[in-house]
Amino acid sequence: MTLHQMPAEDAKPAYNYAYLDEQTKRMIRRALLKAVAVPGYQVPFGSREMPLARGWGTGGIQITAAIIGPADTLKVIDQGADDTTNAVSIRKFFERTANARTSEATEEATIIQTRHRIPEAPLKPGQVMVYQVPMPEPLRRLEPREAETRKMHAWAEYGLMQVKLYEDIARYGEITKTYDYPVLVNDRYVMAPSPIPKFDNPKMHMSPSLQLFGAGREKRIYALPPYTSVKSLDFEDHPFRIQSWSQPCGLCGAADSYLDEVVIDDRGGRMFVCSDSHYCETRRAQGHRGTMLGDAAASGLVQPSSPHPEEAAGAAVSKDDPVVSGASTSILRDAPDGAPQDEGSREQRM
Amino acid sequence: MTAQDMISPGFSDPVFQSQAAFRALLAALSEPGTGQRVAAEIAPPEGLASATATALLTLADYETPVWLPAALRDGAAGAWLRFHCGATLVDDPAEAAFAVIDGAADAPKLSAFNPGTDQFPDRSTTVIVQVAGLEGGAAFTLSGPGVPGNRRIAPQGLRPGFTAELRENGALYPLGVDVVLTHGDGLIGLPRSTRIGEAR
Ligand SMILES: [Zn+2]
Numbered sequence: 001m002t003l004h005q006m007p008a009e010d011a012k013p014a015y016n017y018a019y020l021d022e023q024t025k026r027m028i029r030r031a032l033l034k035a036v037a038v039p040g041y042q043v044p045f046g047s048r049e050m051p052l053a054r055g056w057g058t059g060g061i062q063i064t065a066a067i068i069g070p071a072d073t074l075k076v077i078d079q080g081a082d083d084t085t086n087a088v089s090i091r092k093f094f095e096r097t098a099n100a101r102t103s104e105a106t107e108e109a110t111i112i113q114t115r116h117r118i119p120e121a122p123l124k125p126g127q128v129m130v131y132q133v134p135m136p137e138p139l140r141r142l143e144p145r146e147a148e149t150r151k152m153h154a155w156a157e158y159g160l161m162q163v164k165l166y167e168d169i170a171r172y173g174e175i176t177k178t179y180d181y182p183v184l185v186n187d188r189y190v191m192a193p194s195p196i197p198k199f200d201n202p203k204m205h206m207s208p209s210l211q212l213f214g215a216g217r218e219k220r221i222y223a224l225p226p227y228t229s230v231k232s233l234d235f236e237d238h239p240f241r242i243q244s245w246s247q248p249c250g251l252c253g254a255a256d257s258y259l260d261e262v263v264i265d266d267r268g269g270r271m272f273v274c275s276d277s278h279y280c281e282t283r284r285a286q287g288h289r290g291t292m293l294g295d296a297a298a299s300g301l302v303q304p305s306s307p308h309p310e311e312a313a314g315a316a317v318s319k320d321d322p323v324v325s326g327a328s329t330s331i332l333r334d335a336p337d338g339a340p341q342d343e344g345s346r347e348q349r350m
Numbered sequence: 001m002t003a004q005d006m007i008s009p010g011f012s013d014p015v016f017q018s019q020a021a022f023r024a025l026l027a028a029l030s031e032p033g034t035g036q037r038v039a040a041e042i043a044p045p046e047g048l049a050s051a052t053a054t055a056l057l058t059l060a061d062y063e064t065p066v067w068l069p070a071a072l073r074d075g076a077a078g079a080w081l082r083f084h085c086g087a088t089l090v091d092d093p094a095e096a097a098f099a100v101i102d103g104a105a106d107a108p109k110l111s112a113f114n115p116g117t118d119q120f121p122d123r124s125t126t127v128i129v130q131v132a133g134l135e136g137g138a139a140f141t142l143s144g145p146g147v148p149g150n151r152r153i154a155p156q157g158l159r160p161g162f163t164a165e166l167r168e169n170g171a172l173y174p175l176g177v178d179v180v181l182t183h184g185d186g187l188i189g190l191p192r193s194t195r196i197g198e199a200r
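Line order of the protein sequences matches chains D and H. Each residue of the first sequence is one higher than the one before, counting from 1 in the UniProt record's numbering. Each residue of the second sequence is one higher than the one before, counting from 1 in the UniProt record's numbering.
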């Protein structure tokens, strides 16, 4: 799992600053300006090949490459963690091609490139979120033809989406979609928020930070300016609800964060921990202790006393992305006992 | 005098100057009404504000037709744009991806430019409106995406009825042109999503 086509570190760079040529950056920048002018509308753009394997978030990478400059500090997260293969590779890509300053601290970052999560720490004015989007079209599962979905957006014909969501309620008693839960932006466009858990949807509404979305394969860019209305689709008799858990984070005791279930030993022991690794580490460094922290430390999963646990190799709970690295033994995504009912499998019925 | 003598330099460091200028434009259009500065120290051709010239150097190229008033198109500004951006200068405002107008001039109206189509509202003109000042004129309020609550701006030297034009443009939403007011090295974004309040 390495970047290919990358020159040796001491070789003279054969590419432009941040990899992309200036003509490509201009094209992406023009698309970004139209995207912020029409929040939630998907702007077509001429996506370029990037020196990364498919599925690595080339849409997000192209946006970051088009906006990043010497004044920026870049944070990259995947599954909420900074230390996954994917996040580390993207960070290294920008360290190498743009001499980028990087950080795992949410509050230090000016650009946060993400897949799957919005950080738990509140975002600030001036920060830019860049989302890697695999499927930008929220209507695609209902209507496979691009020409048709484009008309549906053009005329704000979202009845089919409402019908589909209501069928879910009729059949399962609730809307079953837990990731990439569709939102209505600025009371006009229905938008795919990317595969974040619906837990994160409320963070998008009136966020003080600028949010940019890039889909490389599908060649779409869209955006949410700061302070933009973002409503999760719902019904009066079935209001939108986020996931909740019956227990707090086992390591830091947080009761307000999105939790993953992890295996902690080979006897099937499990615990719930913050998906946002930086948030969890920050809380532990502040002295917050979860009920499982002692056990986790004893079994070598975490080093609670370290002020920089991420620097201790192998110390942090492994968060390798199962999608990229194949079967992961440390993260279970199936709904276990004690987990919220809708924090289920990644299979979406919609 | 040759054409080269007429043409002042563009960016001395295109990669970083255009990156910084783009972030100012991105901030301007994502937070309408906020004053932004382009730090690129360029000598713009006669008739273009430094912010106007910097925005065009950053965004325009052979893919983006540009509309200029005749006096600018036929003078140093037109030659400068062709030389540095490779942009085609068009006569029809409706064909322009970018346009520069004088905020005090009677014509062309914002409605003369391309508002995009219902299926491709991104194909609209971005209209750079050069004004006599970004502050100190008649105030009006802004609201909508990018604006927490209300924001008040008071640009100087806009023709009578310009706020009404902005309102008519906003009524086309999600179609419509996106406006950037420029003066000196400062700029203010007024995308089509911005709602224009009463003048006061
Ligand atoms: Zn935690």
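Hints listed in this document are in silico derivations from the structure and should not be mistaken for laboratory results. For every residue, glycine included, the Cβ atom is placed at its ideal position computed from N, Cα and C. Among these hints, one or two may not hold up.
[To be verified] Only part of the chain D face toward chain H is listed, based on derived beta-carbon distances under 10 angstroms: (1) Arg26; (2) Lys34; (3) Ala147.
[Claimed, not checked] The following residues of chain D were derived to be distant from chain H, with all beta-carbon distances above 12 angstroms: (4) Gln162; (5) Tyr172; (6) Thr176; (7) Tyr189; (8) Leu233; (9) Asp295; (10) Ala298.
[Stated by the list, open to error] Have a look at the derived ranges for each label pair, beta carbon to beta carbon: (11) Val163(D) x Ala43(H): 54 to 62 angstroms; (12) Asp265(D) x Gln119(H): 51 to 59 angstroms; (13) Ser12(H) x Ala255(D): 48 to 56 angstroms; (14) Val163(D) x Gln119(H): 39 to 47 angstroms.
Here is how each hint holds up against the structure:
no. : hint                                      : verdict
1   : Arg26                                     : 6 angstroms, holds
2   : Lys34                                     : 4 angstroms, holds
3   : Ala147                                    : 9 angstroms, holds
4   : Gln162                                    : 20 angstroms, holds
5   : Tyr172                                    : 34 angstroms, holds
6   : Thr176                                    : 30 angstroms, holds
7   : Tyr189                                    : 7 angstroms, violated
8   : Leu233                                    : 19 angstroms, holds
9   : Asp295                                    : 45 angstroms, holds
10  : Ala298                                    : 48 angstroms, holds
11  : Val163(D) x Ala43(H): 54 to 62 angstroms  : 60 angstroms, holds
12  : Asp265(D) x Gln119(H): 51 to 59 angstroms : 56 angstroms, holds
13  : Ser12(H) x Ala255(D): 48 to 56 angstroms  : 54 angstroms, holds
14  : Val163(D) x Gln119(H): 39 to 47 angstroms : 23 angstroms, violated
The structure fails to meet hints 7, 14 from the earlier list, while all remaining hints are met.
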